[in-house]
Every structure is written in C-alpha cells, then in structure tokens.
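Keeping the supplied structure of chain A fixed, place chains B and C upon it in accordance with the hints.
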Amino acid sequence: MTETLLELKGLEVTFKTRRGTLKAVDDLSLSIKKGEILGIVGESGAGKSMTGAAIIGLIDPPGRVSAGEVWFEQERVDAHPERLRGRQISMVFQDPLTSLNPLRTVGDQLIETILVHMNVSKSEAVQRARDGLAEVGIDPDRLNAYPHAFSGGMRQRVVVALALATEPKLVIADEPTTALDVSVQAQVLDLLKKLCRERGTSVMLITHDMGVIAQTSDRIAVMYAGRLAEIGSTREVLTNPQHPYTQGLMASTPSVDAKSFGKTLFQIPGSMPKLDALPNGCAFNPRCNQVHERCRTERPPLMSDRAACWLMETAS
Amino acid sequence: MHRFFDSDFFYAFRRSPIAIVSLIVVVFMVLSALLANFIAPTNPFDAASLNLMNGFTAPMEPNAFTGETFLLGTDDQGRDLFSAILFGLRVSLFVGLMAVGLAMVLGVLLGLIAGYVGGWLDTLIMRLADIQMTFPSILIAMLIFGVARGLLPAELREEMAITVLILSIGLSEWVNFARTVRGSTMVEKEKEYVAAARLIGLNRWQIMLRHILPNVLGPVLVIATITLALAIIAEATLSFLGVGAPRTEPSLGTLIRIGQDFLFSGEWWILLFPALTLLALALSVNLFGDWLRDTLNPRLR
Amino acid sequence: MRSVPSLLEGRNRPLLRYARRDRPLEICEGSINIGAMLLIILRRLGQSVFVLFLVAFVSFMIFRYVGNPVDNLLGQEASNDRRDALIEALGLNDPLHVQYFSFVGRALQFDFGISYRTAQPVADMILQRLPATLELALVSAIFAIVLGVVAGVYTAINRRGFIANTILSSSLIGVSLPTFLIGVLLIWVFSVELKWLPSFGRGETVDLGFWKTGFLSVSGLKSLILPGITLGLYQMTLIMRLTRAEMLEVLRQDYIKFARARGLSDRAVYFSHALKNTLVPVVTIAGLQLGSIVAFAIITETVFQWPGVGLMFINAVYFVDIPVMSAYLLLVGTLFVIINLIVDLLYLVIDPRLRDGQLKQARGQ
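Chains as they are written, first to last, in my numbering: chain A, 1 to 316; chain B, 1 to 301; chain C, 1 to 365.
So that you can see chain A by itself, here it is in the shape it has in the complex:
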C-alpha cells in the first residue's frame, strides 16, 4: 500500500490568451500511492480538472503542459501520456448523459475499449463486457441497449464499468457525481470505491464537494487558484485544517444535524481571483482572515508537507 503509483513534480498548465499567458495549474506536486483514493477539492476554476486532464494529455489547445514532470510507476511519462490513456489510467467524467456516444450501444463501446487495450478475442471481450456490467449492477443482457435507455445514475454506472474494463491502475474521476441526483450520488460513489478497493486501483477523485471527499478518500489535496493549498490525510485535513482557506471551506460546508439548524452558514468573503488578476504573494491573501504582511509579497511554499501558508512557520 505504500508504493507510489503516480507522482506529479512541479506540474504547470498554461493557456495563451489575448490577455497574456495564464497559469491554470501552477507548480503542483503531489503523489498517489497504490490503492489509495486521493481527493482533490477546490472551487471551480481552481485547476482540479486541468490537473486530471494534464496527466493523461487531454488538454485542449490553446492550453498545454508547460513545465513539470509526471511519473507513473517510477517512469517518466509526460512526453507520451497517450500511451497510458485508457489502459493504465482511465477517466470518469462529470456528465454521464454526454459521456457516452448516443449512437452506439453500451456493449459496443465497452467491447471496443476492451479490444483496443486487452489482448483478447472478440468473444472473450463480449464476456468481459457482460461481467463488467454485472459488476456495476446492470443486467448484462442490456449490452445491446443504447445509452438513452438508461437513467443518469445507470449511465454513470456504465461509465464506471467502461473506466474499469481495462483493469487500469488509476482512475481519474472528475466530478463523477455532480450531475446526479443526491440519492444516486452515494450509490455511484460507493460502487466506485468498492470496485477500486477490491482491485487495488488508485483513484484521483476530483470534486468541489467536501462531503463527497470526506466519505470517500484516504487523503485530501486542497487546490486554490491553480496552486496546492493543503494536503494531508482525510482525518488530519478535516479535523485540523491548517490553511485558512481549508478552514473557511470546512466552515462553509453545510451539515445536516440538529445543532446547525437555523444557523447561518459561514462564507469566505470575496471570490477566487481570476487567473489573469492573481495577487502577489499568497493567492488567497485578499480573502484571508489571518493575513499578514509577508503573505502579500512572498508566495508560501508547501511546508511540512501539509500546507502552503506562512502561518505554518509561525506555528512551528
């Protein structure tokens, strides 16, 4: 369980726009161990999805990976990420309604994926596709059904089956439950978690939902404005957040219990800066309630492998 599967070193994704070059992901370093579920949390635009896309080389122009290294199983892979794509690393996208080709049957898409990556016969692939469907709780006889014949939750199950069909070592799940009904979200998450645990597959779970992260992941990485703000085990981060941004996130997450009934939710003042108007120093400093002079001039590095915040220094 301790062996590192994926490691990002100083990853940087930039976009050339009319207003100059924007850094969507800025000097991001983190790693995922074998069998581990890493949650990446942050507001929209924080660079979570870009990170996922960068790993498998699916960033659309004008964006590109401009610096940094991606290591997978002790090999550097950022020059040819497409070699891993679908085989070693697969993805689950946000919207199951649009992730499947509407004009091809579910089975067709499953079998196609299996045949591309696994060295098996056609009939073997069909069998695997049936097994895959059964595993995610779908009647294997619906292999010949078109995507529109499934509900949203069922479709996301199909997408999960597609992602796991090639027995990848890592699944990048980009907001896998955001588009689903709340009651279905938990089912799909549990399914994903269960199947990955059984196979020892690692998961990078990208979401803006603290609740989803808390339920599912082993470790949490918090991103803000393209940078890593805080990282640590789920327990550490949730019970003892170090970065003021994480603290704010925690305080603003609604909880459903008797105590909080009728209370106003905490709000972090202001909003995340646009990428073309980042402040100097720590990107969070204009909204931070514990800001001091240094935060405005100098960018904090990740300290003690926990948080990128000058407060860490004062504390220790």
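Because the hints were derived from the structure by calculation, they are not lab data. Treat the hints loosely; a few may be bogus.
[Unchecked claim] Covered stretches of chain B, as calculated for chain C (at least 3 residues, CB under 8 angstroms):
# : segment
1 : 139 to 153
2 : 194 to 208
3 : 214 to 222
4 : 262 to 268
5 : 280 to 288
[Unchecked claim] Below 25 angstroms or equal to it, Euclidean Cα-Cα: the simulated DSS-like pairs (lysine-lysine) are:
#  : chain 1 : residue 1 : chain 2 : residue 2
6  : C       : K212      : C       : K222
7  : C       : K276      : A       : K122
8  : C       : K257      : A       : K16
9  : A       : K33       : A       : K169
10 : A       : K193      : A       : K33
11 : A       : K23       : C       : K257
12 : A       : K169      : C       : K276
13 : A       : K169      : A       : K122
14 : A       : K16       : A       : K34
15 : A       : K33       : A       : K16
16 : C       : K257      : A       : K193
17 : A       : K16       : A       : K274
18 : A       : K34       : A       : K194
Using N, Cα and C, we set each Cβ at its ideal position, and we do this for glycine too.
Same frame as chain A, now just chains B and C:
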C-alpha cells in the same frame, strides 16, 4: 445622424473590410444603373442608332469597317456592350428589388397574421409555407412564370414579361419572411406594451401594424438583403434559360445567354463582361447580407 | 448563390431540428414496439399522401384552367359542334371534383394527356427523356456526396491546415456562383479552349430497350463529366460545409473526449465515433438535396442541351405547353414527397434516440 456614427453598428462596419467593400460595390452598381441614361455612350435599345457594321468589335480595338472603338466591345448587332450592361444591370436590379419588396410585404403580413391571430389561420399559412419550402424556390418561380404566361394572351406575353418575372420571384421567396416574422410576433405579442395597446381599445390591425411591426423589422431587414441576392440570381437564371426578361429588355442573364452563343466563335467578351458584372453584384449583396446578419442578429445564423 | 446557413435556415428545417439534437429527446426504456413503429410510418405516409393530393390539385388546376384545351387541340377555327363533342369527350362539363378525380386516376395510369406542341402523349415524352435526367442526377449526386463528405471531414480534422483553408475559401466562391454560370465557364475552359470534353448532348447512347444509357460508351461518359460537375458543385460545397460544421460540433462533445480518455486512437475516434454521429444530419440534408438536384437539372440541362425532362420543362414553359408543365409538376412533386418520406424513415432507422422518442410519442406517453 451623429448617433448613428457613434453606434456599435457603425463601429462594426468600419472594422469589417468585407462589409465596406461590398457596400461600395453595391452602391456603385445601383448608381450606375440609375444613371445609365447619362453614363451609357449609346442607347442600346434604339434600333436606329445601331450599326450592324460594328458587330463583334473586340474590346478597346477599333472596328475593321467603321474604325469605332468600344470600351467592352460590341455584340452581334453592333450594340455597345458597356451600354447594354448598364441597362441590363438596371433591369436586374429593378426586378430583384421589386421581387424582394413583394416577397417582403407578403411574407411580413402573413407572418404577422399567423403569429398574432394564431389558430387555424396560423396552421394554414405555416402548412403552406412548409409545403412550399419542400421545393426549391427557383422551381416554383419557373412554374409561376409558366402559369402566368399561360394565362396571358400571346400578344401581351413579351410586354408583361418583367411584371410576370417580379411576380414569380416574389411569390417564391416570401416564406423566410413569414417564418421569421411569425416567430418574433409570437414573442412580442406576450409583452406588456401589446396588452396596454389592447386595453386602450386598438383593434388587431392597429396593434399589428403600429406596435408589433416596428419591433420585428430588424431581422426582416437582414432577410431582405439576403433574399435580394437570391432574387438577382433567380432573375438571371430565368432570363438565361429564356423564360425571363425578353430580348427587347435584356437583363444581365439575357446578355449572358446571348454571350454563350458566341463562345465557340471566339467572341468571349460578349459573355465575360455581363457575367463578371452579375457575379460582382450578387457576391457583394450576399456578402453584405451575411455581414448584416452576423452583426445585427447572430441568432439568425 | 444561396449562402449555406441561409439555406439550412429555411428549406428542410423540420428535419434539421431533430438532427441538431445531441442530447436524447427523452429517457425511456429501450424496447422497440413494432406496432408503434408501424403507427409512425403510417402517420408519415398519411402526411405524404395529403401533400401528394395537394400537388395533384395544383397540377390539375393548371392543366384544366390555364390556357384552353379545346382551342389548343382543335385550333381556333373549329366548328361549335366539334367543340361541344370534344368538351363532352374530355368531360370538361363535369363537376370539378369529378374532373379532379378522373385527372388523378389517369395520372396514376401514367396518362398525362397530349402535348400541345408536339401532339405526342406527354407520358411517352417523359419516359423517353427520364433516363437522361436520372443518369445525370445520379452522377452529380455521387460526385457531391463523396467529395463533399471527404472534404468536409478533412477540413474538420485539419482545422488549421493550409489545404483545408484553401478548400474552404474556394468553396465560398463555389457557393456564390450561380449554377448556369458554372456550366458556361466549364464549357468555355474545357470545351472551347482545351477541347477536352463535349459541350452539349449525351454523346453516344446505348439502347437497352427500356432505357437509353450513356454509361456504356466513351463519348457518353465524357459527356457526363461537365454537366455532372455543374449540377453537383453547389450541392458538394453545401454537403462539405455541413459535414465540417457537424463534425466540429461532434468533436466538441463529451463522449468524444471520453472516447479519447478511454485510449482509442485518433483514427478510431474520428472514423468510428465522430463520423457516424456527423453523418446522421448530413444524410438527411444530402437526401433532401437529391430532389433539388433533379430540380436544378433544369438549368444544367439547358446549358448543356441535355435531352432530359428539365429541358423539356423549360421548353414547355417557353411555349406554354400546359400538359407538359402540369405533368412535370406532378412528377417532381411526387419525387420530392417520396424522397422526404424515405429520408424521414431512414432517419428513424439511423438514430435510436429519435426512434424511441417518436415511439414514445406514438404510444401517447
């Protein structure tokens, strides 16, 4: 006027070389057509002034017999091609504009009625539009032209040809107007100013024409421009096929038809210059229309 | 010179409305009910028959009331007795609906009356000339669809390439040139100047008994090239631009991104996923364009003096040969209705979402 030059519209116009060039070409052509009487060196339809000896004179070369020189050459009958093109341009533009006017009035009225009154009238008009849409408009124009010729006594056919041409192209192009106006009318109808107009006791026609019509005219302008290009091409096509403007009043299409006959004998200019004129005219109207559509109403794309 | 968007805006829109959808119409259980399917087909058939009757009515009105059949058949100087006899024989005194139904009945037996100009049966004239038009239409349709789809896919995949941009800008000129000018210019270059290809007629035809074909002789094939290009060029640019636009739209969809994420090769993504989804609306439009090809054949046939039904129609308009005009309208109208019907049904077969969506409607859910 000052407000116009300050507007976004004028700014967009100044920024688009295509819009500027195409508008200049169109204005230039319209002016030459209007002033044909003054610009043209000869009157191409005055049989008395034609000299058959001048026939087939190449452009810019003196005629072998008479020594006269013509800017764009002459046709088989010694008619100055430059003058013939100017007058042909006039016929083409006249037919095009009148046909678009007819299509517009018809389409806007039917669209207003369909959108405002609704009910079975709406169904009837839109069904009719749907069916007409199934067929290419040039085919419908040909058919109307043929029927109209059949209904006219033989001696009036040549005389009425231009009118019939306008009628057949106009009647074949109303559908786009009607559909757009219907759509906008249905939106406008629900707005409060219409309810207010109804409250003060205006009748349907007053509401439709005075209140709704001005608010749906924007897209109509765009469609009119694009339809003008279509109408000019349709007219040229019909005339080229010999079922349009008569030889006594040739349009650009008629001139091209005449020119085709002389291609094999090497008199290329009789074909080339009318064709280039037609192309420049239709292309600029079309480009200007496209630009207008993109600028005024991106939704129409 | 109908610009592409404005054409799509108007004509053929009802179908395109479905074609544009990239999301399912409704989510429903995907069992296909043969009975409900039949109901849809029957409904579409009913609509088609209605339009056919309408077309027939217009043809009938033209046939009956434009021009004077008696004058045309007997000449102005005929005696009143002979006139009355003919009026009686033609049933011109019968009530309107009786005349209409006898007109439709005769049309169904392929009897369209006698041409005023040639005094031949109109049906014979049509049968004689139909092969020429159909062969021309076939050649240009194949030219338009094959080249249009290939160029459209190419320009969509190589969006920023030099060749793609060249193809695109030259297609703008293709759209702007009126059909007849394209024909005239082709004649000028390839017949007059280069003397490579014939400028008029079908060349040598081979008589198969029921069909005179130009496909079996060299001169026949050579004669097909210029008219085929002239007729197909506009449709080709249309199909190309449509294919390109649709392909770009499809390539933006999530399922394409997901297909890439599943590790499929570019080839598989483009040709096995994107192309099929692109072709659904393209097939619709291309199919509907077949009708336009037959209609625009009038122009091409006139330019190239091609002895088809289009040229026959133009001559009929010129000489006010009413029975021929009426028959042509009926023929082309029927063709359009049939093509529309086939394309609609084909569409049901291709797109499972539409099929099930309409089924659900048909079941009244």
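Hints, one by one, checked against the model:
1. 139 to 153: holds (count 9)
2. 194 to 208: violated (count 0)
3. 214 to 222: Violated, because only 0 residues of the segment 214 to 222 of chain B bring their Cβ atoms closer than 8 angstroms to Cβ atoms of chain C.
4. 262 to 268: holds (count 3)
5. 280 to 288: holds (count 3)
6. C:K212 <-> C:K222: holds (16 angstroms)
7. C:K276 <-> A:K122: Measuring from Cα to Cα gives roughly 22 angstroms; hence the hint holds.
8. C:K257 <-> A:K16: OK: K257 of chain C and K16 of chain A at ~21 angstroms, within 25 angstroms.
9. A:K33 <-> A:K169: Since the Cα atoms of K33 of chain A and K169 of chain A sit roughly 10 angstroms apart, the hinted pair holds (cutoff 25 angstroms).
10. A:K193 <-> A:K33: Given that 25 angstroms is the threshold and the Cα spacing comes to 15 angstroms, the pair holds.
11. A:K23 <-> C:K257: This hinted pair holds, its Cα atoms lying about 22 angstroms apart.
12. A:K169 <-> C:K276: violated (32 angstroms)
13. A:K169 <-> A:K122: holds (23 angstroms)
14. A:K16 <-> A:K34: violated (35 angstroms)
15. A:K33 <-> A:K16: violated (33 angstroms)
16. C:K257 <-> A:K193: Given that 25 angstroms is the threshold and the Cα spacing comes to 24 angstroms, the pair holds.
17. A:K16 <-> A:K274: holds (15 angstroms)
18. A:K34 <-> A:K194: holds (15 angstroms)
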